[in-house]
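Chains A and B, in that order, give the protein sequences. Numbering follows our numbering, with no gaps: position 304 of the first sequence is 370. Numbering follows our numbering, with no gaps: position 359 of the second sequence is 548.
Computed list of lysine-lysine pairs in DSS-like fashion (alpha-carbon distance at most 27 angstroms, straight line): (1) K215/A x K350/B; (2) K140/A x K426/B; (3) K426/B x K383/A; (4) K350/B x K181/A.
Among chain A residues calculated to face chain B with C-beta under 10 angstroms, some are: (5) T313; (6) A328; (7) F336.
It is worth saying that the hints were derived from the structure and are not from the lab. Fair warning: this is a prediction, and the values are worked out from it, not measured in the lab. C-beta atoms are modelled at their ideal positions from N, C-alpha and C, and glycine is treated no differently.
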Amino acid sequence: MNNNAGPAGTPLLHVDRVTVRFGGLVAVSELDLDVPEGSIISLIGPNGAGKTTAFNCVSGIYAPSSGSVRFRGKRLERSFTLGTILWALAVGLLTGLLFAAAAVDVDRLWLAVVKRGMITGEPFTMSGAMKRLRGYFRSELAIDQMAGKWRVVSADGSDVLAIKRDLGEATLVRDALQAKVTARRTGPGTIPDATDLNPRAAAAAPQVALPVVKEEVLDRLAAGKSRIRWRGWLGLFSGMLLGIAGTLAVWQRGRRSPHVVARAGISRTFQNIRLFSSMSVLENVLVGLDRTIPGGVFSMLLRTPANRRAEAEARQKAIAALDFVGLSGDANRIAGELPYGDQRRLEIARALATGATLILLDEPAAGMNPSEAGDLAGLVERIRDRGVTVLLIEHHMNVVMRISDRIAVLDHGTKIAEGTPAEVRRDEKVIEAYLGGEG
Amino acid sequence: MSNNRSPRTSAPPDPSTGPWAFLAQRWELVTLGVLAIAPLVIPALGGALGGQVTNLFIYCILALALNVMVGYTGLVHLGIASFFGIGAYVLAILTVPMYPFQIGFLAAAVIAVLVTAGTGLALGAPTLRLRGDYLAIVTLGFGEVVKVTLRNLEQITGGMKGLNPVPPPGAGVTLGGIDLGKEFAIDPRWFYYLALLSLAGVVLAMRRLENSRLGRALVAVREDELAAQAMGISATKVKLAAFAMSSAVAGLAGCLYAASLSTTADPNAYDFNRSIMVLCAVILGGLGSIPGTLLGVAILVGFDTVLAPWADSWIQQMNVNPKGLSYLSFSGWRLAIFGVALVLVMRYRPEGLIPSRRLAAELHEGGAGS
Numbered sequence: 067m068n069n070n071a072g073p074a075g076t077p078l079l080h081v082d083r084v085t086v087r088f089g090g091l092v093a094v095s096e097l098d099l100d101v102p103e104g105s106i107i108s109l110i111g112p113n114g115a116g117k118t119t120a121f122n123c124v125s126g127i128y129a130p131s132s133g134s135v136r137f138r139g140k141r142l143e144r145s146f147t148l149g150t151i152l153w154a155l156a157v158g159l160l161t162g163l164l165f166a167a168a169a170v171d172v173d174r175l176w177l178a179v180v181k182r183g184m185i186t187g188e189p190f191t192m193s194g195a196m197k198r199l200r201g202y203f204r205s206e207l208a209i210d211q212m213a214g215k216w217r218v219v220s221a222d223g224s225d226v227l228a229i230k231r232d233l234g235e236a237t238l239v240r241d242a243l244q245a246k247v248t249a250r251r252t253g254p255g256t257i258p259d260a261t262d263l264n265p266r267a268a269a270a271a272p273q274v275a276l277p278v279v280k281e282e283v284l285d286r287l288a289a290g291k292s293r294i295r296w297r298g299w300l301g302l303f304s305g306m307l308l309g310i311a312g313t314l315a316v317w318q319r320g321r322r323s324p325h326v327v328a329r330a331g332i333s334r335t336f337q338n339i340r341l342f343s344s345m346s347v348l349e350n351v352l353v354g355l356d357r358t359i360p361g362g363v364f365s366m367l368l369r370t371p372a373n374r375r376a377e378a379e380a381r382q383k384a385i386a387a388l389d390f391v392g393l394s395g396d397a398n399r400i401a402g403e404l405p406y407g408d409q410r411r412l413e414i415a416r417a418l419a420t421g422a423t424l425i426l427l428d429e430p431a432a433g434m435n436p437s438e439a440g441d442l443a444g445l446v447e448r449i450r451d452r453g454v455t456v457l458l459i460e461h462h463m464n465v466v467m468r469i470s471d472r473i474a475v476l477d478h479g480t481k482i483a484e485g486t487p488a489e490v491r492r493d494e495k496v497i498e499a500y501l502g503g504e505g
Numbered sequence: 190m191s192n193n194r195s196p197r198t199s200a201p202p203d204p205s206t207g208p209w210a211f212l213a214q215r216w217e218l219v220t221l222g223v224l225a226i227a228p229l230v231i232p233a234l235g236g237a238l239g240g241q242v243t244n245l246f247i248y249c250i251l252a253l254a255l256n257v258m259v260g261y262t263g264l265v266h267l268g269i270a271s272f273f274g275i276g277a278y279v280l281a282i283l284t285v286p287m288y289p290f291q292i293g294f295l296a297a298a299v300i301a302v303l304v305t306a307g308t309g310l311a312l313g314a315p316t317l318r319l320r321g322d323y324l325a326i327v328t329l330g331f332g333e334v335v336k337v338t339l340r341n342l343e344q345i346t347g348g349m350k351g352l353n354p355v356p357p358p359g360a361g362v363t364l365g366g367i368d369l370g371k372e373f374a375i376d377p378r379w380f381y382y383l384a385l386l387s388l389a390g391v392v393l394a395m396r397r398l399e400n401s402r403l404g405r406a407l408v409a410v411r412e413d414e415l416a417a418q419a420m421g422i423s424a425t426k427v428k429l430a431a432f433a434m435s436s437a438v439a440g441l442a443g444c445l446y447a448a449s450l451s452t453t454a455d456p457n458a459y460d461f462n463r464s465i466m467v468l469c470a471v472i473l474g475g476l477g478s479i480p481g482t483l484l485g486v487a488i489l490v491g492f493d494t495v496l497a498p499w500a501d502s503w504i505q506q507m508n509v510n511p512k513g514l515s516y517l518s519f520s521g522w523r524l525a526i527f528g529v530a531l532v533l534v535m536r537y538r539p540e541g542l543i544p545s546r547r548l549a550a551e552l553h554e555g556g557a558g559s
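If we strip away everything but chain A, and leave its shape as in the complex, we get:
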């Protein structure tokens, strides 16, 4: 059971002291199992021995409570790459921007940046929009128009400070009031910056009659800048935190998913047949071939020559896979309409189509008569001869004894014996497990 046999002797699949618990129930306990490349290894044992649980654990449906499963010496998990980080950052940025948009009131931001640009009649330019955007975040006073009159308003449009008939006059008032507001900005983070102070304002001050603005309004306007910036940063920061944390949490939970295991080269069939029963037989195998078909959504929509070729090749491969299990005559039938034995063979064809190097067969001969089971044993041997390693759960003893290179016997979640068919057949514990305590 030690994996110190050197790299050449590393088994294809190495199950190391795997325990699976469901609540208080131990389904598999401290299971060690090595599957050398090119062999047929069987797992046998009475019902409820934990064989299927062990399969589910290998194929990534359950994570082991403890212990590890290694395939070609590697853990079957998605690795943490730069792509993961970038993806988390991208999602984080998106949520951050969404939160920030809500925090700074995107509706008023739009009013300030887009709509005000239209009011003064100047053509829309990127630089103008950026200027207004900066103005919004500095909470600068702005000018807009209502009912033919020019108004000096706060950046978000909630305060109207003055109403003038003439645009020039309104501009002067705006500049003068802006200077007043800026002068009130004190404290950290609200130091007046150069763009707040307009040189025109000082010159204009004597020429226009300034409207009376209440002190508390001026104070509020002065405080507006730090408030909106604080809100924006807080929104961005909390949104990013949430987005990144959420993405990483989801990534972590999906790390050991069956598709990751399948892509590594382990495929399986299921004890209770899980075909795509309303698809055709051929389509079922094509789903198995999914990973081998190149091309993305756009080549599919445009049906490029490369895409046609890939699909045609996949079809040929699928028919070859069906031929291998002896179902090529039923390619266009609905999978759910096939007889039971054929469904099992279709599942095998589908699993083989993925290009797996290790295939897990969960009771492939269940419900078959001895002659069919014999055919199936032949099929399993042919799979092995194709260079695909087989891990098998089976109850038909003559199948198991005929084709297995080694057999592991499970009972109540623990491995009670392992060896060649002849050894296992003679093992006291195995006989006891199968025939009961008196034997």
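Please build the complex by placing chain B on the supplied structure of chain A, with the hints as guidance.
Leaving out everything else, chain B in the frame of chain A:
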């Protein structure tokens, strides 16, 4: 189509021969041909009827969008109208004279489709682990959130007034001496053809999707998510793709809708009623079936927007109902007829009027097995 699936060997009447074969196999070409000639032959399509039929085409596109989610992937989606609305509003924001962007219809439509696809992804990503009823509730909630957001972002969306006027496609474009914008504004047949062309494009895309790697993956995830994953298919990615495609196509429908009405209308046009109407059409026609979906829309929406007003005006003309009593007008009974028809179809033909081959097999098997 060389790679068309050959018909089932077990089906007794072989549809690959006989005079109906052409009609059955090339139904989309035949229908397209008939619809393309119709405005030249039927003058009424140059009037109000043309607008109604255009509306029908837009609904068809929307229903095909929903079909990607509900039919192929088996994810119940009750908020498709929100993507329809987002498409309409994005197009409007980019084209209305009120805002400085005012770009052409085509570019705006492309952006709107990308934005809706992105929104679909943003909705899909956090909800992928939900199945069945739970996803239905999330999408229902999303639909309401979008509706209320559109209403409350008054500065951007114009609130209950909506955004208008959305210029017709081709505004400012002159082609061979014809001012396209003007033509679109005067003659509804231009819109009829634009919508028909878009619908044809979407049907073609859906056909290709069905027979492609992604289409098979969608169905595989619907049939058995675990088995699909065990085949190396990332259910997450497949579902996200379904979300994105469905939203994008719904966004396209929204673009056409806003342009054809030359307004986004108010946000209530994109509420739950529209989502459920489209869902009913898809289920009535046959989940996962393109011809079924189109037929479902033609019957349900056609009944609602074409037949009901026509019957009302006929009753008025006949002077049967001079007092305007609601129980004597056709619209008064509209929803009752609607409901009874749905109940009857679900009772006697649960797989829909033109079931998809795949789903039909599933339902019958379920019936036989129990």
